[in-house]
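Q: Chain by chain, the residues:
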Amino acid sequence: MAGRSFFLRETIDSLLSAKWISTYLLVPPILALLVFIESYLNQVGIAGPFAVGERITLALWNASLLLTLIAGVQSSVFFSGSFGSNWFRNSLALPVPRWTGYWGSFLGFLVIVTGVFALTISAIVAALRSPTQFPWLESLLVVYVPLLWGVSAGLLLGILTTAGAAVFLFVGIMTVGLAGGLPWALARVPEWAGRLFRVLVPPLGSALSANMSSPGNIRALVPLLAHAAVALALGYLLYSVGIKRR
Amino acid sequence: MIKLRGYSDPPRISDLDLTVKPGEMVLLAGDAGTGKSRIVACLAGLRRCRGQKISMAGHRPGSMTSLGRSFFLFQEDNFAPGKEVLSQLVRRLSTRGVGRRRARYMLDTWSKSWGVYQFLRRPPEKLPLPVLQIFGLCELELCSFTATVLDGPLYNLGPPVLEQATQLLLKIRESAAMLVLTDLPTTLYEVADRVVTLSPTTEAADGG
Numbered sequence: 001m002a003g004r005s006f007f008l009r010e011t012i013d014s015l016l017s018a019k020w021i022s023t024y025l026l027v028p029p030i031l032a033l034l035v036f037i038e039s040y041l042n043q044v045g046i047a048g049p050f051a052v053g054e055r056i057t058l059a060l061w062n063a064s065l066l067l068t069l070i071a072g073v074q075s076s077v078f079f080s081g082s083f084g085s086n087w088f089r090n091s092l093a094l095p096v097p098r099w100t101g102y103w104g105s106f107l108g109f110l111v112i113v114t115g116v117f118a119l120t121i122s123a124i125v126a127a128l129r130s131p132t133q134f135p136w137l138e139s140l141l142v143v144y145v146p147l148l149w150g151v152s153a154g155l156l157l158g159i160l161t162t163a164g165a166a167v168f169l170f171v172g173i174m175t176v177g178l179a180g181g182l183p184w185a186l187a188r189v190p191e192w193a194g195r196l197f198r199v200l201v202p203p204l205g206s207a208l209s210a211n212m213s214s215p216g217n218i219r220a221l222v223p224l225l226a227h228a229a230v231a232l233a234l235g236y237l238l239y240s241v242g243i244k245r246r
Numbered sequence: 001m002i003k004l005r006g007y008s009d010p011p012r013i014s015d016l017d018l019t020v021k022p023g024e025m026v027l028l029a030g031d032a033g034t035g036k037s038r039i040v041a042c043l044a045g046l047r048r049c050r051g052q053k054i055s056m057a058g059h060r061p062g063s064m065t066s067l068g069r070s071f072f073l074f075q076e077d078n079f080a081p082g083k084e085v086l087s088q089l090v091r092r093l094s095t096r097g098v099g100r101r102r103a104r105y106m107l108d109t110w111s112k113s114w115g116v117y118q119f120l121r122r123p124p125e126k127l128p129l130p131v132l133q134i135f136g137l138c139e140l141e142l143c144s145f146t147a148t149v150l151d152g153p154l155y156n157l158g159p160p161v162l163e164q165a166t167q168l169l170l171k172i173r174e175s176a177a178m179l180v181l182t183d184l185p186t187t188l189y190e191v192a193d194r195v196v197t198l199s200p201t202t203e204a205a206d207g208g
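Keeping their order, the protein sequence lines are chains A and B.
Per our numbering, the first sequence runs over residues 1 to 246.
Per our numbering, the second sequence runs over residues 1 to 208.
No lab work stands behind these hints: they were computed from the structure.
If a hint is listed, it holds; no wrong ones were tucked in.
Some chain A residues well away from chain B (every beta-carbon gap over 12 Å; in silico): (1) T23; (2) L66; (3) V176.
Here are the computed lysine to any residue pairs in the SDA-like style, where the Cα-Cα straight-line distance is at most 20 Å: (4) A:K19 to B:Q88; (5) A:K19 to B:K126; (6) B:K21 to B:V191; (7) A:K244 to A:P97; (8) A:K19 to B:R121; (9) A:K244 to B:T65; (10) B:K171 to B:W114; (11) A:K19 to B:E84; (12) B:K126 to A:S17; (13) B:K83 to A:S5; (14) A:K19 to B:P81; (15) B:K126 to B:E84; (16) A:K244 to B:D9; (17) A:K244 to B:R38; (18) B:K171 to B:T186; (19) B:K83 to A:S85; (20) B:K126 to A:N86; (21) A:K19 to A:G115; (22) B:K83 to A:I21; (23) B:K171 to B:Y189; (24) B:K83 to A:G81; (25) B:K112 to B:G158; (26) B:K21 to B:G58; (27) B:K83 to A:S22; (28) B:K21 to B:V195; (29) B:K83 to A:N86; (30) B:K83 to B:R121; (31) B:K83 to A:G84; (32) A:K19 to B:R122; (33) A:K19 to B:S87; (34) B:K126 to A:D13; (35) B:K53 to B:R69; (36) B:K83 to A:A18; (37) A:K19 to B:P123; (38) A:K19 to A:V116; (39) A:K244 to B:I54; (40) B:K126 to A:S85.
We treat Cβ as the ideally placed atom computed from N, Cα and C, and that holds for glycine.
Produce the complete structure using the sequences and hints provided.
A: As structure tokens, then:
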């Protein structure tokens, strides 16, 4: 059916505008800065020295988390504006299945973000010397999951609240999720609170630390995938209710 | 056919019965705030209307069959801001089964006939209001429908385009049921088959 790709194409068209795509120009300089900081910490003896495999994993995770932050913030702003707009609601009077308003928009966003991810990762892969035994495929799959989570969480928050509040919440959740991976962070809270924390907060930090010790550890990313799936399902539920209420 | 039976929107409208048959133009007139836009939303299936019998093109409002046979013109926000109108119209036409290349050709020809060709590649916020209104009517002329709901279709239009748009609506009326909503005096009063006036707490029942 021709109408099924309507929102997918609308979203891609919107996101390809300079306003949205230009934010990703921040990625190369920030990554360069991270490499500089990493080598400085290495020199003064605070971190490292890193083996080649660790350096690749760190570089991939740096890129992944940076893109997750940018994509999550963009997703919060974009979906908050898009789903809240009169134009979007009026478009649902076209012969287009209503579910595509949600899934088509999500997929459109993911297509753009995946394109940027592919370009960034290609640059890293080209720049780094690769050991023969490095699990490339698993590692690439693993670092894609945070990005998927970022877009899904941003989408849910965008539906729930205004753009500003959604961005604030997203950055807060991501920060807490990363802090959760620090060894001392959960040791200081009661056990029940730790369990609740693991359920409610995306385990970004623990996934990162698990993959630093064993690269390509897909199993460590399953909880994060579950978080993304729950965010998407909850978002769809709210979207379905919301389109009839406004 | 457009059918509204026992439509209520308290406290503004208490009980509205309205039927628009194919080949008929019904004007639903009322001041701002009398609940016209909500009627459009109900007919498009964008608002839940419990306990009321409403059908659009013979089907449940919001169903794919009903949407495929219907055209809705909203008072504003028919186009997304920031994107050129041409690509938006091409995508809208594609939902009606018109191929991309054919849609572009049709839009070129159509826009020239309305004198708005030079505006096709601009985003809606950079268009004069009459031009935006004309673009809103584009699908109506390029596709065929069995039911149309038009909220203020002639707003912002002046001669000679007003005459051209009126002629277009009269042409569409020949084959479709047409419900026109307006809060301003319009030339359509003279050509409409019936006028239903909404006032606070309307209990209108038309003969249709």
